[in-house]
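**Student:** Converting from the sequence shown to my numbering requires adding 43 to each position, the first position being numbered 1.
Keep in mind that the hints were calculated from the coordinates and are not lab data. Hints may contain errors.
[As the list claims (entries may be wrong)] Cut-off 30 Å, straight-line C-alpha distance, at most; resulting in silico cross-link-like pairs (DSSO-like, lysine-lysine):
{"#": "1", "residue 1": "535", "residue 2": "697"}
{"#": "2", "residue 1": "52", "residue 2": "202"}
{"#": "3", "residue 1": "718", "residue 2": "697"}
{"#": "4", "residue 1": "202", "residue 2": "253"}
{"#": "5", "residue 1": "640", "residue 2": "612"}
{"#": "6", "residue 1": "333", "residue 2": "295"}
{"#": "7", "residue 1": "718", "residue 2": "730"}
{"#": "8", "residue 1": "730", "residue 2": "640"}
{"#": "9", "residue 1": "697", "residue 2": "640"}
{"#": "10", "residue 1": "640", "residue 2": "535"}
{"#": "11", "residue 1": "333", "residue 2": "253"}
{"#": "12", "residue 1": "640", "residue 2": "718"}
As the structure is a prediction and not an experimental result, all values here were calculated from the model.
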Amino acid sequence: MQFQKWLQKSWFYPLAVLAVMLIAYGLQLFRLGFYWDDWQALYLSRFGNARVYWDFFLADRPLSAWTYILTMPVLGLHPWAWQVFTLIMRWLSVMGVVWAFSLAWPQQRWQVRWMGLLLAVYPGFTQQAISVAYSQHFITYALFTLSLAGMLAAALNPKRYWLFTGLAWFASLLHMLTMEYFVGLELLRPLLLGFIFFGREADRRTALKKTVLHWLPYLLSLLVFGVYRFVWLPGMLTAVDENALVLLQQLKDQPGAALLQLIQLALRDSLHTSLFAWLNTIAPATITLKAKFTIFSWAVGAATAVLAAWLSIRSTKNENELARKAAGSFHLQAVMLGIAALLLGGLPVWLTNRQILEGAWSDRFTLAPMLGAAVLLVAVVDWLARSNARKAVVLAAFLGMAVAAHVRNSDAYADAWQIQRQYYWQVSWRVPSLQEGTAILGPEIPFSYVSGISLGFAYNILYDLQPDSMQVPTWFIEALRYRNSNVLLDFKPDTAIRYKELRNLTFEGNTDQALAVNYNAARGCVRVMDPIYQSAPYLSSYPINEGELELYAISHPEQILAQPVENGKLMHSIFGASPTDDWCYYYQKADLARQLKDWESIPGLYWQSQEGGYLPYNGTELVPFIEGFAMSADWQQAVRLSGEAASMSEGVDKVLCQTWSRIIEQTGASAEAGKAAAEATFALECKP
44 MQFQKWLQKS WFYPLAVLAV MLIAYGLQLF RLGFYWDDWQ ALYLSRFGNA RVYWDFFLAD
104 RPLSAWTYIL TMPVLGLHPW AWQVFTLIMR WLSVMGVVWA FSLAWPQQRW QVRWMGLLLA
164 VYPGFTQQAI SVAYSQHFIT YALFTLSLAG MLAAALNPKR YWLFTGLAWF ASLLHMLTME
224 YFVGLELLRP LLLGFIFFGR EADRRTALKK TVLHWLPYLL SLLVFGVYRF VWLPGMLTAV
284 DENALVLLQQ LKDQPGAALL QLIQLALRDS LHTSLFAWLN TIAPATITLK AKFTIFSWAV
344 GAATAVLAAW LSIRSTKNEN ELARKAAGSF HLQAVMLGIA ALLLGGLPVW LTNRQILEGA
404 WSDRFTLAPM LGAAVLLVAV VDWLARSNAR KAVVLAAFLG MAVAAHVRNS DAYADAWQIQ
464 RQYYWQVSWR VPSLQEGTAI LGPEIPFSYV SGISLGFAYN ILYDLQPDSM QVPTWFIEAL
524 RYRNSNVLLD FKPDTAIRYK ELRNLTFEGN TDQALAVNYN AARGCVRVMD PIYQSAPYLS
584 SYPINEGELE LYAISHPEQI LAQPVENGKL MHSIFGASPT DDWCYYYQKA DLARQLKDWE
644 SIPGLYWQSQ EGGYLPYNGT ELVPFIEGFA MSADWQQAVR LSGEAASMSE GVDKVLCQTW
704 SRIIEQTGAS AEAGKAAAEA TFALECKP
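Please put together the full structure from these sequences, using the hints given.
**Tutor:** The following block contains the structure:
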């Protein structure tokens, strides 16, 4: 009986939604990090100047700067803090929806709560882990949904009309001026007001009049946004408007073709958002019985579904007759609202001639229409199923599938972050500091859930500790992608490298000041592409091409400075504790020592690695140790490691032979050196 009372408490449902969200998104919370556009905001925070945000976002959304101006000083560079904050913002947006719908459909408490639960774990949006970038989206989503609820509260509470309306109006205008993602959903307001007034007023004219009057303040905020977006903002922008309504212009110029394109985009995205986003959670390819974590995710999803169904059934045992009678009009209204939210939520995206189904990060475009998807699903299930128990079981099944999908997705993001952590720590060991103007060239992006821009900002966070200009001192270039472009014309000496493709950021460099870096977590440690490694087995995950080999010719390790930047505290804040309990730590330190000809330190690094039980990932990683032992006159160890390297990796013989040629060249033809070299080169079958 006590538990039954808890179910009726006002605090129980919000906590239940938060618990479900923590299960879906938070099981890996402390293993998640920063991804994609997170890095640009993190770099801007290093300036310690609010004006920098405004200038940077002046290319598209200058007023969105306020979100980072307020949050960055509080949350800092701690990944877990951003994950928690963005999750709370998403939870608030769900609570706003539940509050609003509870006012519009007071008799359908059970259905409204299911809408909130399903919206909280909607599976079509998979980028929750990108917490810094999407903090802006969920701040604006919360502003919109709470504004929606405030509007309806004002309509139902005349005594507090001006208080609720003032707050709701301000939130409405603020979310639109910040980001345009939820502008289309503003047109849901008269529909929800109509549900209230047409249900309460016997006279339709009176109901219509009240609907219009209560909507007028928000129509005004919509008009203010229109003036800002289409009159004031275009004159302020410092770059071509990437969010221009190109399809709207085409509707003027070629109405037939543009209208057909708009209808096609709407049909494709709406079908995906409302149906296939749910069904894709049980795509056959995701069923891998040999993967323990996959089984775990389904177990978590099933447990969540069973608990949700049980609680739902318990909470509706005493459903009153009035709720049953109101169900008929509710189904019609919910379907109307769901379809409207799908179409209006997608409209700002389609008018820019974009869609959910195309692009690496395009499922962000489900953020607005996913409200309609949740409403439609509940309405259809509530209409088709007869008993509340069956409804609860069906909806719980969708909930469980979504939770399982998010658990797997969060794990993938967490694994990618661990790879990022390894990469940046290894880079910090191998590259203590960089000369200004160094372009970091990578043949490919070395890990998932980032872009080349992400790496560019991350490198500047690591090496530009006190930035004072958006003309950055270093930048990451996807070399094979940008070759033969205005960024990097060719892989030849003395060729300009200019990056001016991102808002107000610029980088000026030259191939004579470039440093190539490669990484494939499955094949070994980060490798600075020193020309001595040109004949080593490849790290790339795709078939090698001449372009990657040519990178060695324009890679200049002398751009690396031995004196480290004082970024230890920063590194720990972002990436956690230094993972020195790994072979790559010793390899990177040894490779730097080899470059600096600090031969005395290399044998000690090797023996420390052996004491820890760490082994190389491939034979190439023994090259600095072979050279270090040889230059320290420990010929026996140098020869032994050569044999070990050759037996470890296929195709490493050539780089080992070149290493011994370099050793002889540096040590001279002493008797010991000659004997060791002869033994090693004979075993390696080196050609003279």
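**Student:** Now, for every hint given, state plainly whether the structure supports it.
**Tutor:** Outcome of the hint check:
1. As the CA atoms of residue 535 and residue 697 are separated by approximately 25 Å, the hinted pair is consistent with the 30 Å bound.
2. Using a Cα cut-off of 30 Å, the hinted pair residue 52 and residue 202 holds, with the two alpha carbons roughly 26 Å apart.
3. Restraint check for residue 718 and residue 697: satisfied, since their Cα atoms lie roughly 20 Å apart, inside the 30 Å limit.
4. Between residue 202 and residue 253 the alpha-carbon distance is near 16 Å, which keeps this suggested pair within the 30 Å criterion.
5. With a CA separation close to 29 Å, the supplied pair residue 640 and residue 612 stays within the 30 Å bound.
6. The suggested pairing of residue 333 with residue 295 is violated, with an alpha-carbon distance near 56 Å, which exceeds 30 Å.
7. Distance hint between residue 718 and residue 730 is fulfilled; the C-alpha atoms sit about 16 Å from each other, no more than 30 Å.
8. Annotation: proposed proximity of residue 730 to residue 640 holds, straight-line Cα distance about 27 Å (limit 30 Å).
9. A hinted pair counts as satisfied when its Cα atoms are at most 30 Å apart, and residue 697 with residue 640 qualifies at roughly 22 Å.
10. Pair hint residue 640 plus residue 535 holds up; C-alpha atoms about 27 Å apart against a cutoff of 30 Å.
11. Straight-line distance between C-alpha atoms of residue 333 and residue 253 comes to about 60 Å, which puts the hinted pair past the 30 Å bound.
12. For the hint linking residue 640 to residue 718, the alpha-carbon distance of about 23 Å falls within 30 Å, and the restraint holds.
The structure does not agree with the numbered hints 6 and 11 stated previously, though it agrees with the rest.
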